[in-house]
Amino acid sequence: LEEPLIFEIGTTETCGVDLPETQTDLPSRLGSFVRTDGTGLPGLSEPETVRHYTRLSRQNYAIDLGLFPLGSCTMKHNPRLNEKVARMPGFADVHPFQPVSTVQGALGVMNELAHWLIDLTGMHGVAMSPKAGAHGELCGILCIRAALEARGDARKVVLVPESAHGTNPATAAFAGYAVEDIPADKDGRVDLEALKARLGPDVAGVMITNPNTCGLFERDMKAISDAVHDAGGLVYCDGANFNAIMGRVRPGDLGVDAMHINLHKTFSTPHGGGGPGSGPVVLSEALSPFAPLPYTARTKDGVVHLVEEENADAFSEKHFDGAMQSFGRMTAFHGQMGMFTRALTYILSHGADGLRQAAGDAVLNANYLLRRLEDVLHAPFADAGPCMHEALFGDEGFGERLSTLDLAKGLIDEGFHPMTMYFPLVVHGAMLVEPTETESKAALDQFVTAMRSLAERAKAGDETLTTAPHHAPRARLDEAQAARKPRLVWSEEAS
Amino acid sequence: LEEPLIFEIGTTETCGVDLPETQTDLPSRLGSFVRTDGTGLPGLSEPETVRHYTRLSRQNYAIDLGLFPLGSCTMKHNPRLNEKVARMPGFADVHPFQPVSTVQGALGVMNELAHWLIDLTGMHGVAMSPKAGAHGELCGILCIRAALEARGDARKVVLVPESAHGTNPATAAFAGYAVEDIPADKDGRVDLEALKARLGPDVAGVMITNPNTCGLFERDMKAISDAVHDAGGLVYCDGANFNAIMGRVRPGDLGVDAMHINLHKTFSTPHGGGGPGSGPVVLSEALSPFAPLPYTARTKDGVVHLVEEENADAFSEKHFDGAMQSFGRMTAFHGQMGMFTRALTYILSHGADGLRQAAGDAVLNANYLLRRLEDVLHAPFADAGPCMHEALFGDEGFGERLSTLDLAKGLIDEGFHPMTMYFPLVVHGAMLVEPTETESKAALDQFVTAMRSLAERAKAGDETLTTAPHHAPRARLDEAQAARKPRLVWSEEAS
Amino acid sequence: MRYLPLTETDRSAMLDAIGAPDVDALFSDVPPGLYLDGPIEGLPHHATEMAVEKHMRRLSKRNLAAADAPFFLGAGAYKHHVPATVDHIIQRGEFLTAYTPYQPEIAQGTLQMLFEFQTQVARLYGCAVANASMYDGSTACWEAVAMASRVTRRKRVVLSGALHPHYAEVVRTMAKFTEDEIAGASPSLTATPDDDGLIARIDENTASVVVQYPDILGRIPDLRKIAEAAHAKGAKLIVVNTEPVALGALEAPGNLGADIVVGEGQGIGVGLQFGGPYLGLFAITDPKLVRQMPGRLCGETVDADGKRGFVLTLSTREQHIRREKATSNICTNSGLCALAFSVHMTLLGEAGLRALAAENHRLACIASDRLAKLPGVEVLNTHFFNEFTLMLPTDTRQLVRDLADKGILGGVSLGKLFPQEDALSGGLLVTVTETTTEEDIETLASALEEALS
Amino acid sequence: MRYLPLTETDRSAMLDAIGAPDVDALFSDVPPGLYLDGPIEGLPHHATEMAVEKHMRRLSKRNLAAADAPFFLGAGAYKHHVPATVDHIIQRGEFLTAYTPYQPEIAQGTLQMLFEFQTQVARLYGCAVANASMYDGSTACWEAVAMASRVTRRKRVVLSGALHPHYAEVVRTMAKFTEDEIAGASPSLTATPDDDGLIARIDENTASVVVQYPDILGRIPDLRKIAEAAHAKGAKLIVVNTEPVALGALEAPGNLGADIVVGEGQGIGVGLQFGGPYLGLFAITDPKLVRQMPGRLCGETVDADGKRGFVLTLSTREQHIRREKATSNICTNSGLCALAFSVHMTLLGEAGLRALAAENHRLACIASDRLAKLPGVEVLNTHFFNEFTLMLPTDTRQLVRDLADKGILGGVSLGKLFPQEDALSGGLLVTVTETTTEEDIETLASALEEALS
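Residue numbers (the working numbering), protein chains in the order written: chain A, 1 to 495; chain B, 1 to 495; chain C, 1 to 453; chain D, 1 to 453.
Next up, chain A with everything else stripped away, as it sits in the complex (with noise of 0.2 Å):
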């Protein structure tokens, strides 16, 4: 059964929920404003609402139904606590306004989580309030440029690797910087010496991932970062793969001046159909002066404030001398509350022992599934040692006709959601495999016989792969002509 739009099921005059019959003999304040149009939105009531979406939910694949091996997106495991916590009255029912007195647990929780990513990165501080990964990365590059703009030292360009998230390069051009490519080496990793050769003084700085996009440690990390400090420049880590090492590395350790952590991959706040996500950023000493307002800080009597234009300033003065110089606002309130109490709770569930011991399973699980793999599929560092939490594998001794995409569609047959495809650029017809450290063996076995299977019927041809998939809820769809003639609304004509 197809499921109609909820424009052609419904009507303006349908209503699922019921409102006080309004007293209309009060004058109205709305002057001449009034809406004359109809808004033209269709209602339901609400048992057929209930009907429509549940009926759309099951057209979706997600994490609860299945291996979700998403390289770089780090999808794991949601925990249902963390759901009930968020939900408490004290939380999702407090306004941003609220006079501080009445939102001691909400800063609390904010405070709370800070310290934990603080101590789990080895920085200085962090800025709580970017939205999302991007978000916070362009936080953290903003810190870069209010920091030198500070010491009156206006550098034009950034350093981006070849295999970096295309955000970096978006990020740093929009705070208005030149970027350039930094190449990598044979082994996937960033070319040290061809690093060191272009720093010099109009470098404002690096933009790295650690580990990176290939799925591997960048052994040479802090000695690019050291060759960074040492030009003037600034180290910008992208944190999208800190699943692999928390508790086992700091990035505080390796030099990074500015990190921006995804609460909704490495801890486990649900990505929703795309979000919302929170992108918090820790900070090196150097930068955490320049982090945006509002923050949250404790003084000594306990009490936790909350900083923002208001009370900058007097309270730069009275708790840190005067150095805190914020570079302004990136959003109107404080940021993702309600990731920032499911985040904790996940953080709280695990202790520093169950983080490391998750970082250590994700990367036992990347490898397993690298060993169990690499004899049928190429996978072009595999003899470069362990890889971390991800496995990386390209289209070499493909069939002609037959492509990473094909193979990604024919999973979908095979009950998995396709793994990240043609990412990085580096390698020929990448699949970037992430399984995340909830995934149990029996789930990975599953999974590496499919995939076993799949490689084989690539590699002989079977061309029955360029339709796949064949079980899904579609088949596969014409994105040139939604591109071509978008139609991005309903309208009863086209219809």
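Source of the hints: derived by calculation from the structure; they are not laboratory data.
Please note that the accuracy of each hint is not assured.
[Claimed, not checked] Here are some, though not all, of the chain C residues that point toward chain B, as calculated from beta-carbon distances under 10 Å:
#1 Tyr35
#2 Ala122
#3 Val129
#4 Tyr135
#5 His164
#6 Val170
#7 Gly309
#8 Val311
#9 Ala358
#10 Thr443
[Said to hold, decoys possible] Heads up, incomplete: computed chain D residues facing chain C, CB under 10 Å, no partners named:
#11 Ala67
#12 Ala84
#13 Arg92
#14 Ser425
Virtual Cβ for every residue (Gly too), placed ideally from N, Cα, C.
Chain A is already provided as a structure; the job is to place chains B, C and D on it using the hints.
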């Protein structure tokens, strides 16, 4: 993908909860009773558990997915507000033996619901503790027997119409009565004259369903009650079909002495795949004193009392002049609190006007189906006038090798749950269709289209129906094998 | 009204199709004087979700939630931590809003779960077969008694004096109508159960002996001895368990000679809920008697394509088929509670259940040691799992109310449970679970000390 | 650890398969001194679900929930009743635990929802096209400014003085890096907005004019007039709405000449959540500019079998494809909040939204009339929807804190919102929604009267 059993994927070492590491230096007080065998209970981690049950759930049909036209089962929308309310800690996290001063809200819910049930049915009292419909029937019959015994009148026979639910005769037999049938007239209603002829000093009472299982209102209900009362008997009414008449007819006005109310049908507490139900029994003045313990009662000071063995005699003496002569106790505690909160929430949402409207819409929906289908399906009582909230059809005219079962299984392929089949017994190949008031006209029209097509295929002898469903998680299951060699628990050897 | 999808336009169109002028006309079979021509008077009209939620919240706040007080109640209903996962799963619409799985092709979710549940219960109880659940422990207890009488064709039922008095009362009430003869007894205030006294009451007419394990005072009867005695007279041993967590530490009744094991499953997955809905468990050790069992049963079979599948089976025992010849009046089971139990039990597994039981017992030992030190307080039990009986020099009914006024839910008074037995009025049943903190124990100890001084 | 499925047996078997002696060996690329050989010190170890829940509950109870107080806060975040259905649906695992729908064959649930959402937003705003959501209203506001600068190739941005000061601050912060020139202003304490003053600031270099509707003081600017003036100079009109419910009563900005309409969607479906996650809405009136829009877009297409289906489209605008040439740095949207909004909006429909808006306005009128009667209190606004400004003879920052001490959340101080503007420190922004009772209004009135006497 087939979902394995927990015994096939779990291990006795795996655990999906964390527990404190117990200090073992304390002496145990278990003596020699310590468990020595392994329980053999398989465990799964939390992520595996979520996935196992989420996948399993998707093999179910449910109200949330579509029309569920099970006659006499009243599968209506289950509002999520009810679920939210039932989970409020003050209701969900209260022990049945807490002192009454600490549970005034819970007792208040029971009392408030009790008053609604009494007012809606026009009765005198209500026994809240029965755990389900059949338990409620039993409660009603036991009240009747207790009342007859209290007046020293040991009658031995209960009359039950042939269209009765199977639970009715089972209940009467359990209470020690001989069961005799009452025939139906050609319109599917109780034959009043035949009933009158059978009444006498040996007849304890009748058990009757109104609206009856043919979906018709028993026009002579008041006359039946009067005749039974005149003969010294009492009238039990099966309340399974109360949804059709709530707010429009009061059973008390029809002379009923006892009627159970399925909170999980009429008042929308969810069926949950087979329970829990809840079956409070409303009682006439004649029967109220005999209701089982415990009961709740609000005294003039506004305090709600819970009357149990502990205080029953004293309370009856003080507040009822000793009239309360409970026949005993049917369950350990006070009944289905979780269902009471849901039902009261539902009732308050509708109010007296909304419940009346709901009954009207339920009947309107059923009549609409009756009239849209009577030309293609045999509708034995269609000429007798409007039906109540369910429409009854038979298999007359089906191809030789095709049955009601085949049509019903064919409905599954159309995306619907089958209707009630082969019940009531008075119609050959009966199909009892109850849409309920929470279905939209659009849903009914889809159902009509599917039914018309199936009826035509059945009449044309389309044998593909005999192997339907073809698009369900399973094809027809071999029930005979299941009964012949019962395998009721999993064992390693057997699988 | 938000739950009613028909618009006025729909209603008109449908009435036209039917050929009726209005909805009232559809009720023409109701004799005139009996049809109400408007909403029943004196009752409120429909209300917004917001208003209803507010009203219900106000009522809920007039209760003291167990989590908000030091809490020591048990006696058949136990407070355990239920993982959030359990509630998430039972709220899946496909489980919550499904009907009894009479159409197995589209109900394999519920059916496979029930098959797993039956196996879990059988293993927990050390039995061969379990059913798909019953209303609660007390009704399961009565069903066991009725089954034993059917199987033995005898009518005499010997109840242990330390059977939960409400369970005993349910049995007595039902037996009035079936004419079983109930031989009950008063509980004796001894440190170990009076197994010999119970055995002495078994005779050749005895259909069944009903023993609670652990018993209502928290003591642990010697099931093996009682089973031998019962079997020697041709009687069936029915063992009642009200705390499933105990069987993570105590030998399973089915391994000790019980013929039927029944119990309350609430302690795993279900929560307190002021007494209901709960979960009746029912299992037997002799699989040959399965056709005499009450309640729904789920069995394994294959579908037309040869795939494994599950169905409700042996329903010819049941009333909706057999009518007055059914094995029981029961129809509805406690399906959603069975799901909650099964999910929680799957999360625990053997290792988790054992650890949970150990933690319960550890804290109960700490509490018993602490409270035994109070002047005037004596711990009755030699053995216990997670509840035990204190003997106090006062009527504990009033004591419990006084403690509640101080915000302490201090236990269950034996005086309340056994109002006819004056000798028991000084008894206080104290229950300790993994949710109890040592701080809670101290709070209770101080309050008791104060109350008794 | 309950979230980690690997058993020790599994780990050994897997290490064998890999050929590594232990897990630490897999980290051999980490230089020795940098690899931690045990859990980080000073941090607690893993905890039971029960313990974590207790800890978090204790923290949550140190907050005063909006539902537990007479509540009058708004200023960009609104308390509305969210039907229980909304939360049920967003907790469906298939929505909650899905990723961004990059594999459309198995993500039609999310994609169809987004297509419906885009259409709902476009209709609410009176626009041609809307995107699939952004972080929140303030970031959407900045994205609109950036888009207008891209489209007009101009750099000057004229902000209304009555734009939410935090929105203005976000724009100012971002513009520092893009070198847009921001022309702001102080809000004037007039009964109607100073539209003429705003118009006077528009010139030929102006890329965009940013106006809030209703504005931060609750007043309603004349969008049509401002649009004409902006367009006359070749500038784009950006309208910001922070309270979507208002558009059930007020003319849609898209119908009044706005080019870009952005806003905060939190008021429908999302809840307060201490400021996040919220829901940025973004729509435009000229569909030709769609390739200049930021954020994800969902579009209709067909699959290989010709069936209707939905995909993320026009992603060549986006940074993960275009890298440094992207229209915006945004990547994640606010998908689950968009779902909540869409479900709530579907429950409301046009009729419900209109009724909800009417009820908000009715209660706001009652409140404004009541409070205007207090001695020393003046209502600033001639027009308002559900929030209005009181002028009081006191610094309202302290007043708000004093009211909170009495358990009343009485409004938002303009002194807090505009700390640089001393003239505003007597202003109190009071918001009234359908959740406000007349009793709440009385409570606030009495408390204000007392505070001012």
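Results of checking the hints against the structure:
Taken as an interface hint, tyrosine 35(C) checks out: its beta carbon lies about 6 Å from the nearest beta carbon of chain B, inside 10 Å. Checking alanine 122(C) against chain B: minimum C-beta separation of about 5 Å stays under 10 Å; hint holds. For the restraint placing valine 129(C) at the interface with chain B, the shortest Cβ-Cβ distance is roughly 5 Å, inside the 10 Å limit, so the hint holds. Checking tyrosine 135(C) against chain B by beta carbon gives a least distance of about 4 Å; that is within 10 Å, so the hint holds.
Restraint check, histidine 164(C) versus chain B: the minimum CB separation of about 7 Å is within 10 Å; hint holds. At about 5 Å, the closest approach between the beta carbon of valine 170(C) and any beta carbon in chain B falls short of 10 Å, and the interface hint on this residue holds. A distance limit of 10 Å between C-beta atoms decides the matter here; for glycine 309(C) the minimum to chain B is near 5 Å, and the interface restraint holds. Proximity of valine 311(C) to chain B holds as hinted, the smallest CB-CB distance being about 5 Å (cut-off 10 Å).
A least Cβ separation of about 5 Å between alanine 358(C) and chain B falls short of the 10 Å threshold, and the interface hint therefore holds. Taken as an interface hint, threonine 443(C) does not check out: its beta carbon lies about 16 Å from the nearest beta carbon of chain B, beyond 10 Å. Interface hint at alanine 67(D): satisfied, since its Cβ lies 8 Å from the closest Cβ of chain C, which is below the 10 Å cut-off. Below 10 Å, beta-carbon pairs count as interface contacts, and alanine 84(D) has one with chain C at about 7 Å; its hint therefore holds.
Look at arginine 92(D): its Cβ gets to within about 8 Å of chain C, closer than 10 Å, so that hint holds up. With a least beta-carbon distance of about 35 Å to chain C, the hint placing serine 425(D) at the interface is violated under the 10 Å criterion.
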